[in-house]
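Could you build the full structure based on these sequences and the hints that come with them?
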Amino acid sequence: MKRRIFSVAVAVFFVAMGLSGCTKKAVRTDVGVGLTEKQAEVVKAEPVKGETPAEQAVVDKSPEQKVTGLTDIFFDFDRYSVRDDGVKALDTDAKLLTSKKDMRVVIEGHCDERGTDEYNIALGDKRAEAVKRYLTTRGVEASRMKVVSYGNERPFCGNHDEECWQSNRRAHFVAN
Amino acid sequence: MRLFISVLVILAVFLSGEARAKVYIDLSAPAVERIPIAVQEFKDLGGSIPPETLKALRDEIMDTLKSDLVFSGIFKIVDKEAHIEDPKAGLTEAETNFKDWRTSGADTLIKAGFTAEKDRVTVEIRFFDCFKEKQIVGKKYIGSPNSPRRLMHYFADQLYEELTGRKGIFTSRILFVSGKTGNKEIYISDYDGKNVIQLTRNRSINLSPQWSPDGKKILYISYKKGFPGLYMLDLRTGEDRAVSNKPGINIGGRFSPDGNKIALTLSGEKSPELHVIDLNTGEDRKLTDNYGIDVSPTWSPDGKRIAFVSDTSGNPHIFVVDLGTASVKRLTFDGKYNSSPSWSPDGKLIAFSRSDSGKFNIWVMRANGSGATQLTFSGSNRNPSWSPDGRYIIYSSSSGGASSLFIMQSDGTGARKITTGVGNETSPAWSPYLQ
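Taken in order, these protein sequences are the chains called P and R. Be aware that the first sequence starts at 1, since it is given in our numbering, and climbs by one per residue. Be aware that the second sequence starts at 1001, since it is given in our numbering, and climbs by one per residue.
Simulated from the structure, these hints should not be mistaken for laboratory data. Errors might be hidden in some of the hints.
[Claimed, not checked] Straight-line C-alpha distance at most 20 Å; calculated SDA-like pairs for lysine to any residue:
id, chain 1, residue 1, chain 2, residue 2
1, R, Lys1225, R, Lys1246
2, R, Lys1336, P, Phe77
3, R, Lys1348, R, Ser1370
4, P, Lys132, R, Gly1292
5, R, Lys1225, P, Val106
6, R, Lys1076, R, Lys1417
7, R, Lys1180, P, Asn159
8, R, Lys1270, P, Gly139
9, P, Lys132, R, Pro1247
10, R, Lys1336, P, Lys132
11, P, Lys132, R, Asn1290
12, R, Lys1180, P, Phe156
13, R, Lys1167, R, Arg1391
14, R, Lys1359, P, Arg79
Okay, here's the thing in C-alpha cells:
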C-alpha cells in the first residue's frame, strides 16, 4: 500500500474574533494506527478572544421626542400620495410651522410590516418626502425639514391587523 | 476596534490507501435512493483533555458529520444499534470486517479516530465502500478546538466533491439579521446555523447583510448615524467603513460578481433610484430615473445585468436592466407584490418573494421572466438566497410574530428549519464558496 501524502491543504479561516499572527512551524506526527504524517505545515490556531466591543449607540431605541403640536399623516398600503385627510392635516401643520419660524422638524417615514425591508425603507422615504414637498408648497422652508425613513423598523403598533397597519403607515413629526 | 481575524486552521492530508475515485454518484441522474451509511463511533486516539470534554467533543463532531451527510441528500444513516463489527476493530481497510457492515445494512462506512489536545484537535477519517471493500476517501484534519464542527464540514466538502465531482457547500456560511437583543444586529454562522457570531453591536438598526464575491467582506445597511447608510465590514480585519452615507437613503448594496462595483439605492433629495458605484474610481452611474421606487438589485453572475424591484408599473414588480444598453425590461406581471430577487449562481433562474394577500411566498422564474413557479406554500416567506452550488435556497419564514430561517432544495422540496439559537432571524444571505 502506498503511503503518500497527496496534498496538504491549509485553509485559514476568518470570522471569529481573535487576533492575527500566524506562526508556521513544521510538525511531525505519528498517529495510532500506523500512519505517518510527513512534514506538514501547520498554522497555529489562535484562541478566540471575545466579540466586538459595543459601539457607541447613536440611535436611541426610544428617543425622548419633543412635542411638536404637528399632526401626523397617514397613508394607504404601498402608497405615498397624500390622501385628502392628509392634505387637511398638512394645511394645519403648515400654518403652525410658518408661524413658528425657528421650529425645525424631522419627518419620519414609516410603513406597516407587510412588505420587504428594503422596499419599505424606500417607501417610507417617499412618504416623508411627499409630506416635505407638500409643506414646501405651503410656504415652509425645505431647510427646516429633514427626512428620515424607518421603513417598517419602528412601528407605532405591534399587532398584526389593519388597524395597526394603518397606524404604522405614516409620516411622523419629531422636533429637530 | 481590534480586529477579528479568526483563525481556524485546517490541515488536510490524504491518508494511505487512497483510491482516486472518479464521479461516484451522479447527481444529474434521476432521483436515486439515499445510500445507507454507517458512522462508527469515533475512536479516541489519545490526547490530553478530560473525559467529559472528550465525550462532548466526540458527540459534537459526530453530530456535525451525520447532519452534513443527511443534508447532502445522498446518504441515510444506519442506526447505531445495527452495528455488529467488533468495536475494537481498527480504522483501516485491512482491519475492517466489511461483511459485518454489509450485514448491518451499510453500503458505505465512515470510521474515524481523533486526538484532542488543549490547542488543537486532530481527526483522521476514512470513507469506505462496503461492497468493493475499499477505502474511497481518507483524510486527516488538524484544527482549532474552538470550532471542531468545521473539521467535519471540511471533510463533508471533500467527500462530497470526491463522490459527485461537485464542490460541497458544507464550509459555507450565512449572514442574517436578528432583533433578539432588542435591536436588529447582523450575525454570521455556518450554513447549518451553528457557530454563531454577532458581527454588529451598534444598537441601532442593521439590515440586509450581503457577501462580497470572495467572502471576505460584507455590506449592510445601518442606522448607526441616525439614517440608513451603507457600510462595509471586513471580516478578517474588522475594519468597518461607510460605503455611502448621503442624505436620504443608502440601501440595498450588492457587490458586482467581480467585486469592483456596488449596486445600491440612493434617494438623495429626490426619489429612490438605482445606482452603480465603482469602488476603485468612485464613479457613480445612475441606472434608473423615475418618480417611483427602485430597490433590491441582484447581479447576473456574468455582471452584465441587474434585476431589481420597481413600483413604476403601480405595484412592486421585478425588472431587469442591461448594463450595456441601459434598456429595462419588466419580468413579473402577476402578484400584487414581488420583491427581493436573487439571481441563481448559474445565471438561469431568479428567486423572489411574491405576495397577493400580505403573506409572501418564495417563487423562482427563468431569468427572462418565464416559467414562474411557486416553491413555498405556508407561513410568510421572504428574502431567498441561493447556496453557492445553486442546489438550495435559504429564506426567512414567519408565522405569527416570530421569524426563522429555512433551507429548501431549489425545487422547493425538503424544507428544513435552521436553528441558530439566536431567534427571530430574518434576511439570510448565503456565502459564496469560502475555500
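### Query
Are there hints from earlier that the structure breaks, and if so, what are their numbers?
10
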